[in-house]
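Assembling the complex is the task here: the two chains are given apart, and the hints tell you how they should meet.
Take a look at the letters that make up each chain.
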Amino acid sequence: MNLQSFLLMRHEIMLTLALVILLIAELSTENKKGIINLAILIFLVVTVVGFVPVPEGSLFGDMYRTSPLTVMMKNILNIGVLILFFQSAEWIKQPEYNNKVSEFYLLIISTLIGMSFMISSGHFLMFYIGLELATIPIAALAAYDRLKNISAEAGIKLILSSALSSGILLYGLSMLYGTIGSLYFTDMGEAFMNTPLQVMGFIFFFAGMGFKISLVPFHLWTADVYEGAPINVASYLSVISKGAAVFIFTIILFTVFHSIAPMWKNLLYVIAILTMTVGNLFALRQKNLKRFLAFSSIAQAGFILLGIIDGGELGMASVLYFVLIYIFTNLGAFGVVSAVSVASGKENMDDYNGLYHTNPKLSLLLMLALFSLAGIPPVAGFFGKFFLFTSAAHSGYYWLVFIAVVNATISLYYYLLVIKAMFINKNEEPIAFFKSGLTTRIGLLMCVAGIFIIGLLSPIFEILRSLSIGI
Amino acid sequence: MSIHELMFYLFSGMILLFSVLTVTSRRILRAATYLLFVLISTAGIYFMLNYQFLAAVQLTLYAGGIVVLIIFSILLTSHITHKFEPIGIKKMVFTIVAVAAGAILTITTVLNYGFNTVVASSQNPDMQLIGGSLLGYGRDGYALPFEVISVLLLAAIFGSIVIAKKEKSK
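Listed in order, the protein sequences are those of chains A and B. Each residue of the first sequence is one higher than the last, beginning at 1 in the working numbering. Each residue of the second sequence is one higher than the last, beginning at 1 in the working numbering.
Hints are computed from structural coordinates only; laboratory data are not their basis.
Mimicking DSS-like on lysine-lysine, the simulated pairs with C-alpha atoms at most 25 Å apart in a straight line are: (1) K93/A with K33/A; (2) K166/B with K33/A; (3) K165/B with K32/A; (4) K148/A with K166/B; (5) K166/B with K93/A; (6) K83/B with K157/A; (7) K93/A with K165/B; (8) K32/A with K166/B; (9) K166/B with K157/A; (10) K426/A with K361/A; (11) K165/B with K33/A; (12) K93/A with K361/A; (13) K148/A with K165/B; (14) K346/A with K287/A; (15) K157/A with K91/B; (16) K346/A with K148/A.
Here's a subset of chain B near chain A, in silico, CB distances under 7 Å, partners left out: (17) T109; (18) R139; (19) G141; (20) L144; (21) P145; (22) I149; (23) V151; (24) L152; (25) A155; (26) G159; (27) V162; (28) I163.
All figures in this text were calculated on a predicted structure; none of them were measured in a lab. No residue lacks a Cβ here, since even glycine has one placed at the ideal position from N, Cα and C.
The following block holds chain B by itself, in its conformation from the complex (with noise of 0.2 Å):
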């Protein structure tokens, strides 16, 4: 097993252990902390494949600003030493039962399908390409949907003016 390999299955790993371990976790702050190692061990994915663009996007934005986002949000809104309470043994068993139906579909589906291996691409792409189609207007060029998202955010503020302001006192 060469070291590349052995890097891949303890990003994988980990991504793995610590994502089950969010959605099962009943502290609130702990299922955001293990949220935060799964990013980071994505980041890493990132960096193996040699995209060190998305690798650093993911941890300064991910793993950075959005987990310490859901941080803030968790301290200011919710009791930190509430426990959720424990899943039903009923409701776990069905939940496993149709998880694991469904991954188990997904995945042979995935593994039957004949993908081609590309070795040319495996380059880190150009920051300046990158740049090119994030402005670009032509084929392959990404300036609409960068636009769009703007709208997008200005509407999530809208929206969350809706929901936060203080109601007059009358």
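So here's chain A without its partners, still in its complex pose (with noise of 0.2 Å):
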């Protein structure tokens, strides 16, 4: 082990390097502005170093392990995080969060460093350990507004289900440790016997997992939690962290699990047709629209387990296109509601009717984003789901792509609600016009960049599919 070696571990050291630059810049100056600025810009370059190609390898006697795979994934996120930041500038920038401005900025950072341990690790700890690194943060970043009893409330729930969550899995970690006998994935892969117990553990595992990423029946923290906790942090656990969760999950199910994988298989299959099911249901009745969000992305958790369903290469690259599409698409559709709350205060679907003769450009974008998470012809998010349910059929579950196609159905119904309340709506009190600053453009304007050109570039499938080849 040398210094480079070191340069495996990029993603994080750069990422811990930010974080305390930020602190530093945080203790020197009271320029709130300088500091969303300077943090824009570190990220920036946190993001575009992390494409530099390093060679792979492991590190720390193979508990830390990176592949190309891995370093897309961390990629990804960057990238999803770096819009994120983008538009909620302005949303920080309002005089209630005069005296915490920074502190957003370091608890994304951390918990982003816990996420990339968390992909990269080979060892049940330290996927432990990042796992809780990239929780615990968001509990305090869901009570902001811990002023309004609803974003507390979204704090303390959040903290009581992910500890709870966390318990189930450790518990499961730990039948398996026993039988076992160690907790490096590779050790584990190999020892893995199918005995009732390590079933056991491992269903206590998922069960854990299908609370981060909040599956049904594990959702019930998903819809009061996004509600409560201020727009942007919704936004970051609905796409950033739930996509970091399917990363780790997925690569677990695969490498560790693949000796049980026909059972991992019925599970999914019927976690996959109760999530989609069930989040559509629900999502049908909603009438504000970070509910209606909400659960709109527990059904599109159902639609990735279609990707996770496969087992190899092409479910891998799928559900990765998938998320990368996903954090495009989802932080479009958060970032036109943050603006509009951060410019009237409004969050109800009643409230968009007529939007768009006041603010025809957001209504375009939502309504490009709506149809993308719905997965209409031209949008990305058709690829999305296309490649979702090719490898679903792949593998030769025709009833499950079916069922996901009558749910791709009804989601549209609701999504095209409030394109309908938008559109064709009328309404006396309109949201007025309103101008948003110059980062909440940039930061949509990539999101519909996104939107079109990850769809239409075909190459990029190929590479993720080149990346997930030895999975």
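Next up, the structure:
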């Protein structure tokens, strides 16, 4: 081990450096606007440096592993956070947050460090520490408006449900450790014997991860937390944090638990149907846009399971591709809701009636994002869903694909409800015209670009597929 | 029954009893005190396994540090005289059924697994070994998790600052 080998950890080291720089900046200046710009600038550098190719390898006796695949995952998450930073600059500038500007960035970056370590882990201890580092600070973020009861409640709900799920997950891991005697992914993959106790340990692990990805029946915290948390935190939870959990979940299923693949495929089959259906049915009746997007993101998690169920490189590539698109799409939707909320303080669907007449550009953008979430052909969301369905069909799960298609149709109905509200419904007092700041516009434009470019640029999927070979 | 077995049953019985009391007590300070007994009994089990180091950590950190922290935060935030509402009978029945079903399933699965009995490893691990592996960066070395936990603690401090910070008067 030499200094050069630390280059393998460049994502984590860059993020930690960013954390330290921001901390020093916070101590040395009172200029909040400067800190916001500095955070965006630093993160831009972090994101760009992440793309510099460095050979793969493992460090700390296989406790930390990188491969081109994990590097790509981290880059995808970094892009998402960069967009989020652009979008949330205007929100955090509001006077009520004046005394906790830099904390927002510090907390987001520390959770991102946790996610990076989690994705790169080769040992369940590292995985667990990464998972906690990615969850605990978010509870503080959810309680950011702590003087509002609903936000404090969101923070408490998040920390309690994540503590419960971590407990279940750890109990499952302790069973696996007791029977195998090692927590290294490679050892466990080899020594997994399929005895009832190990299967039980696996199911506990699965349930714990189900909480983090908010799969049905472990989804009960999601809507309340999203509703109570500030919009930008909710969007971080639904996009980045869920994406990271999906990534590591897929890696662990494919590598550690590959010997019981038939079993977890059956489990995923049932959970996928439940998640898609329940998410969709509850989304139908939501009036608050944050709750609406929460249930829509539960349903989207159900679709992601269609890619995981394939269990091979095609599944891995389609999951990566879908999450990449989902980041741009969902951040676009949340970005518009956030911009509207900052300008007018309104978050209900009825408030959006007639939005097109006053704010045509934002309405078009939200329409584009919702079309992409629903999976309408010209935009990227269609291709994301298409590859997920292909990979499930590739493994012969035709009924599952059929149910997913039915669910995609149901989801179209409620996405169109929002679009109808904006474009057709009449409103005596629509939200007045407003102009968002430069950073918000950059963030939203990045989403639009992503929604179009990723769908139409076919090499992207080929690259992701070539990275997934050998998983 | 040897004295060893007797001690084991004593400690396990204490853990079970006080765990149940911790979650059923309606006064929060009492619950915290019961938790203290659970943690001390766990340390007793570690002593029986000859893991002196782990037992010492359990006593100083958990029983000594964390319980005191919990009691401090209870004294600072809530009214000690406050009594929680009793749980409704319907909720109680459902909880007991669910917990019992889970416990029976888990216990039968664990009992049916043929664990290999290991005799040799019941020696006290060398302190040097523990220190070496905490700072080791090779296989079975825990330097990296050790460092990442420090980032976790830093992030937790940021989080508590956000929650505890006073709003500036306007």
